[in-house]
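Colleague: Chain residues, written in single-letter form:
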Amino acid sequence: MKYVLVSDPSLRDGNHAIQHQLSEEQIAAYCRAADAAGVPIVEVGHGNGLGASSLQLGESKTPDDRALRVARENLKTTKLGIHVIPGFATIEKDLKHAIDIGVDVIRVAAHVTEADLTQRHIDFARSKNKTVFGVLMMSHMASPELLAEQAKKMESYGAEGFIFMDSAGHYLPSDVTERVVALKRELSIAIGFHAHNNLGMAIANSVAAVEAGASMLDGCARGFGAGAGNAQLEVLVAVLHRMGYETGIDLYKILDAADLAEKELMSVVPTIKSTSVVSGLAGVFSGFMKPVDRIAKQFNLDARDIFFELGRRKIIAGQEDIIIEVATELAKRTQTAPVQARSV
Amino acid sequence: MNPRLRVGIIGSGNIGTDLMIKILRSPLLESTIFIGRNISSPGMAKAQSLGVPTSGESIAYIQKYPDCCDLVFDATSAKDHEYHAKILEKLGKIVIDLTPANIGPMCVPAVNLSESLGAKNVNMVTCGGQASIPIAYVIGKSQKNVDYIEVVSSIASRSAGPATRINLDEYIHTTERGVQKFSGAKRTKTILNLNPAIPCIDMQTTILCKVDQPDLESLKPMLADMVKKIQSYVPGYEVIVGPIIENGRIVVMVRVKGLGDYLPAYAGNLDIINCAAVAMAEEYAKTWDTYSQRMDNT
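If you're matching them up, the sequences are chains Y and C in order.
Quick note, the working numbering runs 235 ahead of the 1-based positions in the first sequence.
Quick note, the working numbering runs 1 ahead of the 1-based positions in the second sequence.
Heads up, a few of these hints could be off.
Derived Cβ-Cβ restraints for the label pairs, each shown as a range [as the list claims (entries may be wrong)]: (1) Y:294 with C:261: 24 to 30 Å; (2) Y:337 with C:43: 45 to 51 Å; (3) C:145 with Y:304: 31 to 37 Å; (4) Y:549 with C:41: 28 to 34 Å; (5) Y:483 with C:146: 51 to 57 Å.
Covered, in the sense of this in silico footprint (three residues per stretch, anywhere, with C-beta under 8 Å from a C-beta of chain C), are these stretches of chain Y [said to hold, decoys possible]: (6) 273 to 283; (7) 324 to 333; (8) 544 to 551.
Because the hints were derived from the structure by calculation, they are not lab data.
Quick reminder that beta carbons are idealized off the backbone N, C-alpha and C, glycines included.
Please construct the entire structure, taking both the sequences and the accompanying hints into account.
Modeller: Here's what the structure looks like:
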């Protein structure tokens, strides 16, 4: 039977949904439940990964050191994973210490066009005999060929597996298939996929990934993650089993873990809000939701129009200042439109 | 008037090439050699087109021809600079280090230009450090009990060459050390974002600060004076937000537009460190007679 390696970032990505406020008790409780269910890898930390607690991105309630120690104490067979973005976490300050605490799996991540930033972190983690995967985020912003070229760099740095993330929840199954095919042509390492659910496609896209030859998938309990949420872990496991894939995860126990997550970790279960649909469709980072809503009101515009224009211009996270520029432009256009209509 | 101080550049990437163009404008400096590893790189071609002598022999060229220059700018990488620094020290060259190797004392011209004079190896911290440290310094001077300062910089992907990328960790550590040293903050943190957006984004740096009781009235005049000082050597430097108190913390955001010498104006990260390095070298040039005599006597 074919095996899919399931990785569970509920205790990392889920932190985005609650301003990085997961407590030691919550981490301990969920780790025990995931471990009992036989989840292969649990990822723990700030939403943006190791070393990312900051005024800019939000401060973690539980510092990296405590979160990783608590997770380590509560995982017996499940491996402990971390998400590491160079630019936030450094080898000296953060990665060495995490390795001392006993993390097993290190996923080194970058924006889809910036793979070369990960070289030293990947190299270092490999030199410590850790399992190391490369991750590229906002992958829909690159063509399948460019994605494969960037992934190839990570393989050359020593990554033992590669995961591409649909950070805006933009993909349809055919987009995912096309990318896995391109990646398989270039890479000899395992390929994985991390789905977001803005268009309700997270499970379908995950299925497309494994059917095209991916062997690793990410899922979060109840979809616990930023915005519309991620692929829902317990659903993913059930679907994979029904398709005849082996995951090593016990269905009843992962359903129990998801129930526990709903009760203990989240104030609201992620749902697909109207703005989530539009940002997914436009391929815009979900963190833009609040400023877009605010600026749309100020300029008397439809927030949905702003999202589509931002998507057309390929605006990425960190460029929040462009929203005002786009709004100014759209406001001008709506003023001139009626005049043109009359002259026809 | 004294003859111009003869300076060499080692490192023919984005930083080194932009620096060379700036030196050609300096009335006090003469660019006598531009050194890289690859004679056919775009930086080399630029130097040749401007009539600056070039070499692809790296540090070996200076070892072979030690009289080629009196002062060396190192715009390679932190690791390479550790190797170069020892050689250049033996050769008695003054070194202005633009890598985050952090060997010599740190110089931020708006804060400590004259005190930095006299060191044989001067470290120019980082682009983010040059943008943020003057602000952190006036925060340290005007506020009591500075608990924490965070510096977040965004630069265009195209402005970050291979050495900058490989030195991301050193960039963070050196910037954090610099911010701490000049502000006296108990804790510091640095974040760097590389943004691939087209058209390219301007360099922007945000300084966020936690203090017991924020005092904007004391900060404002000191900040205004400091910004004027920085603008005297980095014309494209401006405060675009603040100082404001947001969520209980002091926020200042600056934007650095470059002069567009090698890369277009978005690459303010090249300008801010290179303008600082030129300011430092010119300070040596002004006092070179007394300085070189002092060196001869020791």
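Colleague: Go ahead and decide if the range 28 to 34 Å is satisfied by the Cβ distance of residue 549 of chain Y to residue 41 of chain C.
Modeller: holds, 33 Å
Colleague: With respect to the beta-carbon atoms only, verify the hint that residue 294 of chain Y and residue 261 of chain C lie 24 to 30 Å apart.
Modeller: Taking Cβ atoms as reference, residue 294 of chain Y and residue 261 of chain C lie about 38 Å apart, which means the hint is violated.
Colleague: Could you check the hint for me, namely that residue 145 of chain C and residue 304 of chain Y are 31 to 37 Å apart, CB to CB?
Modeller: holds, 35 Å
Colleague: State, for the Cβ atoms of residue 483 of chain Y and residue 146 of chain C, whether the hinted interval 51 to 57 Å holds or is violated.
Modeller: holds, 53 Å
Colleague: Starting from the range 45 to 51 Å, see whether the pair residue 337 of chain Y and residue 43 of chain C falls in it by beta-carbon distance.
Modeller: Between residue 337 of chain Y and residue 43 of chain C, where Cβ atoms are some 46 Å apart, the hint holds.
Colleague: Is the coverage entry for the stretch 273 to 283 of chain Y by chain C consistent with the three-residue Cβ rule at 8 Å?
Modeller: Since three or more residues must qualify, the claim that chain C covers the stretch 273 to 283 of chain Y is violated, with 0 doing so at under 8 Å.
Colleague: Go check the stretch 544 to 551 of chain Y versus chain C for me, would you? Three or more residues, Cβ under 8 Å, otherwise it fails.
Modeller: holds (count 3)
Colleague: Counting residues of the stretch 324 to 333 of chain Y whose CB is closer than 8 Å to a CB in chain C, do you get three or more?
Modeller: holds (count 4)
The structure shown violates the earlier hints numbered 1 and 6.
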